[in-house]
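Number of protein chains: 2
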Amino acid sequence: MNPPLRPEPLTKDSFAPFGDVIEVDGSQFYLINGGMVQRYHDLARIDVATEGGHALLNLFRGKPYEYPLPVKMMERHPLGSQAFMPLSATPFAVIVAPAGEQVGPANLRAFISNGHQGVSYRRGTWHHVLLTLQRESDFIVIDRGGAGSNCDELHFPADQQRLFDPR
Amino acid sequence: MNPPLRPEPLTKDSFAPFGDVIEVDGSQFYLINGGMVQRYHDLARIDVATEGGHALLNLFRGKPYEYPLPVKMMERHPLGSQAFMPLSATPFAVIVAPAGEQVGPANLRAFISNGHQGVSYRRGTWHHVLLTLQRESDFIVIDRGGAGSNCDELHFPADQQRLFDPR
Numbered sequence: 001m002n003p004p005l006r007p008e009p010l011t012k013d014s015f016a017p018f019g020d021v022i023e024v025d026g027s028q029f030y031l032i033n034g035g036m037v038q039r040y041h042d043l044a045r046i047d048v049a050t051e052g053g054h055a056l057l058n059l060f061r062g063k064p065y066e067y068p069l070p071v072k073m074m075e076r077h078p079l080g081s082q083a084f085m086p087l088s089a090t091p092f093a094v095i096v097a098p099a100g101e102q103v104g105p106a107n108l109r110a111f112i113s114n115g116h117q118g119v120s121y122r123r124g125t126w127h128h129v130l131l132t133l134q135r136e137s138d139f140i141v142i143d144r145g146g147a148g149s150n151c152d153e154l155h156f157p158a159d160q161q162r163l164f165d166p167r
Numbered sequence: 168m169n170p171p172l173r174p175e176p177l178t179k180d181s182f183a184p185f186g187d188v189i190e191v192d193g194s195q196f197y198l199i200n201g202g203m204v205q206r207y208h209d210l211a212r213i214d215v216a217t218e219g220g221h222a223l224l225n226l227f228r229g230k231p232y233e234y235p236l237p238v239k240m241m242e243r244h245p246l247g248s249q250a251f252m253p254l255s256a257t258p259f260a261v262i263v264a265p266a267g268e269q270v271g272p273a274n275l276r277a278f279i280s281n282g283h284q285g286v287s288y289r290r291g292t293w294h295h296v297l298l299t300l301q302r303e304s305d306f307i308v309i310d311r312g313g314a315g316s317n318c319d320e321l322h323f324p325a326d327q328q329r330l331f332d333p334r
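Residue numbers (the numbering used here), protein chains in the order written: chain L, 1 to 167; chain X, 168 to 334.
Bear in mind the hints are in silico, worked out from the structure with no lab data behind them. Hints should not be assumed to be uniformly reliable.
For the chain L half of the interface with chain X, some residues (derived, Cβ under 10 Å), not all of them [stated by the list, open to error]:
1. Ser27
2. Phe29
3. Tyr40
4. Arg45
5. Ala49
6. Leu56
7. Leu59
8. Arg61
9. Gly62
10. Ser88
11. His116
12. Val129
13. Leu133
14. Ile140
15. Ile142
16. Gly145
Glycine included, each C-beta is placed from N, C-alpha and C at the ideal position.
Using the sequences and the accompanying hints, generate a full structural model.
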């Protein structure tokens with residue numbers, strides 16, 4: 001049995017191998033609208049143009065899982081980035097593994113958003129499906145629309161699955 | 168002096184001449200992630216490809232104005248749509264006028280988001296800058312990046328300005 005998977009702090013630096021953290025803290029802004037608005041500009045790379053794709057704006061309403069949770073499956077989107085921003089300041093968990101073909105349970109890393117942080121998975125980054133923590137929560141999701149096969153799944157055998165414990 | 172401008176209810180139908188309302192109510196979803204997530208799919212047209220543009224993801228932090236507020240200026244983005252989604256369920260106001268060259272204070276219409284509704288202005292739609300109501304509020308904003316002149320302003324003479332009263 002592999003060791004349990006526990007979360008690390010979510011920061012721009014710690015998450016850099018997997019994509020962007022969408023947050024105000026530590027981000028640059030400039031003033032617009034006569035000084036009334038701080039524009040935190042271009043916080044995540046929206047990388048959706050491969051094979052004629054375009055950006056989609058969606059809302060995901062996710063139910064919470066029970067934890068600890070066995071990590072059975074990871075997915076990746078080879079044709080586009082995917083960004084999640086929580087509405088209503090709801091913490092959520094993120095499990096990722098580096099892009100590439102040689103990925104196993106030992107490569108998993110987990111992070112917890114404080115509810116004011118969103119994430120954008122870089123194109124091809126392996127990630128778990130949405131992991132809402134305490135209660136049903138809404139997210140704005142920016143991903144790719146268009147033709148092409150844009151979801152690969154990686155299933156772990158039962159004896160290799162790690163237990164994710166967010167506490 | 169033109170009559171005061173008062174808000175109408177914000178619905179997909181009432182806002183249709185100007186763009187999209189981003190909301191769960193009245194929107195279609197399908198289930199993903201083994202039934203754990205409702206995906207409300209493609210809620211706003213992200214129309215940013217003109218002249219080689221691409222989608223930007225930004226966060227706007229807006230200070231509240233004092234009301235009633237004279238409507239002095241409207242702007243439009245001729246090269247791209249612009250979507251606003253409130254974080255933390257914060258109501259905000261929207262003032263719009265139809266796309267086109269023949270727009271004056273008589274053409275203005277105002278709406279109030281309930282805080283769970285976002286809006287996306289269609290490319291070329293005249294709109295007021297962000298109108299936060301009660302307190303400093305954050306919004307995710309999806310608009311266009313890339314070369315080209317993407318902001319026109321329309322200023323109203325003082326004797327034609329209408330007072331916007333959100334109450």
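Checked hints:
1. Ser27: Holds, about 8 Å.
2. Phe29: holds, 7 Å
3. Tyr40: holds, 4 Å
4. Arg45: With Cβ-Cβ at 8 Å, under 10 Å, it holds.
5. Ala49: holds, 7 Å
6. Leu56: Hint holds; Leu56/L Cβ to chain X Cβ min 5 Å, cut 10 Å.
7. Leu59: For Leu59/L, the interface hint holds, since the closest Cβ of chain X sits about 4 Å away, which is under 10 Å.
8. Arg61: holds, 4 Å
9. Gly62: Given a least distance of 5 Å, the restraint on Gly62/L holds.
10. Ser88: Cβ of Ser88/L sits 6 Å from chain X, so the hint holds.
11. His116: Status holds, d = 8 Å.
12. Val129: holds, 4 Å
13. Leu133: At about 13 Å, which exceeds the 10 Å cut-off, the nearest Cβ of chain X leaves the hint on Leu133/L violated.
14. Ile140: holds, 5 Å
15. Ile142: holds, 6 Å
16. Gly145: holds, 7 Å
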